[in-house]
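As numbered in the working numbering, residues 265 to 666 make up the sequence shown, in order.
Incorrect hints may have been included.
[Said to hold, decoys possible] In silico DSS-like links for lysine-lysine, alpha-carbon gap of 27 Å or less:
(1) K267 to K285
(2) K418 to K583
(3) K322 to K266
(4) K435 to K418
(5) K583 to K507
(6) K627 to K583
(7) K435 to K507
(8) K435 to K297
(9) K297 to K583
(10) K317 to K403
(11) K534 to K563
(12) K453 to K316
(13) K266 to K285
(14) K627 to K285
(15) K403 to K392
(16) K394 to K435
(17) K435 to K453
(18) K422 to K627
(19) K453 to K534
(20) K405 to K394
(21) K519 to K453
(22) K405 to K453
(23) K435 to K627
(24) K267 to K350
(25) K267 to K519
(26) K437 to K453
(27) K507 to K317
(28) K627 to K322
(29) K266 to K376
(30) K394 to K422
(31) K519 to K322
(32) K266 to K534
[What the hints assert, rightly or not] Have a look at the derived ranges for each label pair, beta carbon to beta carbon:
(33) I602 to R390: 26 to 32 Å
(34) G288 to R395: 55 to 61 Å
(35) N601 to P298: 46 to 52 Å
(36) E372 to R504: 18 to 24 Å
(37) Y399 to S575: 44 to 50 Å
(38) D581 to R390: 43 to 49 Å
(39) S455 to I612: 38 to 44 Å
(40) A424 to L351: 47 to 53 Å
The hints are simulated quantities; they were obtained by calculation from the structure and are not laboratory data. C-beta atoms are modelled at their ideal positions from N, C-alpha and C, and glycine is treated no differently.
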Amino acid sequence: MKKILMLGASHFQVPAIKYAKEAGYYVITADYKPDNPGHEFSDEYHNVSTIKKDEILKLSSALNIDGILSYASDPGAPTAAYVSEKLGLPGNPYRSVLTLQRKDLFREFLRKHDFNVPQSDSFKERDKAKRYADYLLDKFKHIIVKPVDSSGSKGVSKLATIDEFDVLFAKAKEFSLSDEVVVEQFIEKRSYQMDGDGFVWDGHLAFSCFGTQHNDFECHPHVPVGISFPYVGDKVIQERARKQIDRIMSLLDMKVGGLNIEFILDQNDKIYIIEIGPRSGGNLIPEVIRYATDIDLIKYAVEGALGKDCSDLNQVDTKGFYSSYILHARKTGTVENIVISDEIVPNIVEQNIMVDKGDAVQKFDGSHDTLGTFILRFEVHGEMVEYLDNMNNYISVNVEAC
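Construct the complete structure from the given sequences, taking the supplied hints into account.
Right, dumping it as structure tokens:
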């Protein structure tokens with residue numbers, strides 16, 4: 265029986281753990297949170313932080329694993345690449361994964377290879393960062409401040425004046441594993457930001473499915489609360505993006521695995537690839553894509569990590585209109601109740617509510633504040649986009665403020 269080590273066992277990682285078990289593999293989970301829900305589905309659990317790569321390497325060697333996977337989690341992705349490289353397991357080059365995972369290295373890579381890239385730099389010291397921010401604000405209307413290496417949009421802020429900088433720099437640094445922060449030009453986008461997943465096989469983008477990112481602007485303008493498929497942009501734009509992503513995969517000599525992709529289109533129709541996470545997406549993206557395309561990216565992520573042939577994966581179009589939605593609170597306090605409108609009930613395909621009345625909750629500021637998840641189906645594309653942009657009118661959490 266083949267053994268696979270899964271780095272992390274959060275709610276969004278449970279589907280991969282369950283798939284591996286159902287496929288007949290021996291599943292080992294590791295992270296520093298024994299209460300994470302995925303551990304109950306694994307064959308054994310080890311309390312080791314997924315970012316401690318040498319400890320995970322030692323554990324992997326002792327367990328004689330056949331594959332390692334950081335599913336839907338950025339912090340563990342470099343560790344998985346490091347271990348697979350050291351032990352000769354299926355995976356991607358460590359340096360390439362680190363380049364994708366770290367926003368500063370990715371911006372540098374894009375610039376070197378003549379992709380469109382926002383003007384940016386990274387800093388550990390606040391005063392140097394502040395001088396650079398002041399310089400950018402003289403040139404651009406807004407800038408973005410974000411951690412170099414966080415996931416789930418944690419610590420990301422947009423600002424228009426230098427007065428806000430100190431607080432937002434400190435916030436970004438709090439979420440940075442390396443204590444480093446990126447300060448960059450904010451690209452004014454023409455339409456919705458694209459958010460979706462892909463899969464790399466043998467150095468090329470074998471498959472991708474792009475969706476439209478939706479935000480709750482009362483909470484955080486840059487943290488998605490839903491992704492709807494297919495993307496609102498035309499197919500020509502999507503094909504242009506695919507070609508750029510394929511070139512990146514080739515340049516980085518990426519071999520196999522899931523990708524979480526975000527890009528925007530600026531006012532001049534230039535594509536800016538904001539992120540390519542070297543792992544499958546959270547926010548139920550692979551699950552929604554499975555409904556929309558019949559392609560099971562969860563299966564390919566697990567099988568690819570174990571060295572199985574993934575050459576049968578090809579590009580297909582979406583069929584129907586599907587979306588994810590993240591249940592969240594608009595203010596900090598305790599849950600009074602959760603309201604689901606009768607109007608939206610027929611559209612709900614799956615739901616998982618993770619809080620009860622009386623539970624303490626935080627105002628939504630990142631994926632760590634997720635209170636539940638939904639998958640929805642619609643008959644008309646425009647109707648879906650309209651619902652997702654106003655979903656708090658149909659699915660909401662009533663909170664008694666502290």
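The hints, checked one at a time:
Restraint check: the Cα-Cα separation between K267 and K285 comes to about 10 Å, which is no more than 27 Å; the hinted pair holds. Restraint check: the Cα-Cα separation between K418 and K583 comes to about 32 Å, which exceeds 27 Å; the hinted pair is violated. Proposed proximity of K322 and K266 is supported: the alpha carbons are some 18 Å apart, at most 27 Å. For the hint linking K435 to K418, the alpha-carbon distance of about 9 Å falls within 27 Å, and the restraint holds.
For a cut-off of 27 Å, the pair hint linking K583 to K507 stands: about 23 Å separates their Cα positions. Proximity of K627 to K583 is assessed by CA-CA distance (about 35 Å); at most 27 Å being required, the pair is judged violated. Proposed proximity of K435 and K507 is contradicted: the alpha carbons are some 35 Å apart, above 27 Å. For a cut-off of 27 Å, the pair hint linking K435 to K297 stands: about 23 Å separates their Cα positions.
For the hint pairing K297 with K583, the CA-to-CA distance comes to about 38 Å; that exceeds 27 Å, so the pair is violated. The straight-line distance between the Cα atoms of K317 and K403 is roughly 41 Å, outside the 27 Å bound, and the hint therefore fails. Between K534 and K563, the direct Cα distance comes to roughly 34 Å. Violation of the 27 Å bound is thereby established for this hinted pair. For the hint linking K453 to K316, the alpha-carbon distance of about 37 Å lies beyond 27 Å, and the restraint is violated.
For a cut-off of 27 Å, the pair hint linking K266 to K285 stands: about 11 Å separates their Cα positions. A C-alpha spacing of about 35 Å is found between K627 and K285, which places the hinted pair above 27 Å, so the restraint is violated. Among the hinted pairs, K403 with K392 is consistent with the structure: their alpha-carbon atoms are about 17 Å apart, no more than 27 Å. Note on K394 and K435: the hinted pairing holds, with a Cα-Cα distance of about 14 Å set against a maximum of 27 Å.
Using a Cα cut-off of 27 Å, the hinted pair K435 and K453 holds, with the two alpha carbons roughly 25 Å apart. This hinted pair checks out: K422 and K627 have alpha carbons roughly 18 Å apart, not beyond 27 Å. For the hint linking K453 to K534, the alpha-carbon distance of about 9 Å falls within 27 Å, and the restraint holds. Restraint check for K405 and K394: the C-alpha separation of about 16 Å stays at or below 27 Å, so the hint holds.
With a C-alpha separation of about 32 Å, the suggested pair K519 and K453 falls outside the 27 Å cut-off, and the hint is violated. Straight-line distance between C-alpha atoms of K405 and K453 comes to about 13 Å, which keeps the hinted pair within the 27 Å bound. Annotation: proposed proximity of K435 to K627 holds, straight-line Cα distance about 15 Å (limit 27 Å). Between K267 and K350 the alpha-carbon distance is near 17 Å, which keeps this suggested pair within the 27 Å criterion.
For a cut-off of 27 Å, the pair hint linking K267 to K519 stands: about 20 Å separates their Cα positions. Pair hint K437 plus K453 holds up; C-alpha atoms about 26 Å apart against a cutoff of 27 Å. A threshold of 27 Å between alpha carbons decides the hint, and for K507 with K317 the separation of about 33 Å lies outside it, so the pair is violated. Our distance criterion of 27 Å between C-alpha atoms is broken by K627 and K322, whose separation comes to about 39 Å.
A threshold of 27 Å between alpha carbons decides the hint, and for K266 with K376 the separation of about 40 Å lies outside it, so the pair is violated. A hinted pair counts as satisfied when its Cα atoms are at most 27 Å apart, and K394 with K422 qualifies at roughly 14 Å. For the suggested pair K519 and K322, the alpha carbons sit about 24 Å apart, so the restraint of at most 27 Å is met. Between the alpha carbons of K266 and K534 the distance comes to roughly 45 Å, so the proposed pair goes past 27 Å and is violated.
One distance hint, 26 to 32 Å for the beta-carbon pair I602 and R390, is violated here, with the actual separation near 40 Å. One distance hint, 55 to 61 Å for the beta-carbon pair G288 and R395, holds here, with the actual separation near 57 Å. The hinted window of 46 to 52 Å between N601 and P298 is violated, with their beta carbons roughly 30 Å apart. Checked against the hint of 18 to 24 Å, the pair E372 and R504 passes, with Cβ atoms roughly 23 Å apart.
Taken as a hint, the range 44 to 50 Å holds for the pair Y399 and S575, whose Cβ atoms sit roughly 48 Å apart. In this structure, D581 and R390 meet the distance hint of 43 to 49 Å, their C-beta atoms being roughly 48 Å apart. A beta carbon spacing of about 27 Å between S455 and I612 contradicts the range 38 to 44 Å that was offered as a hint. A hinted range of 47 to 53 Å for the beta carbons of A424 and L351 is consistent with their spacing of about 48 Å.
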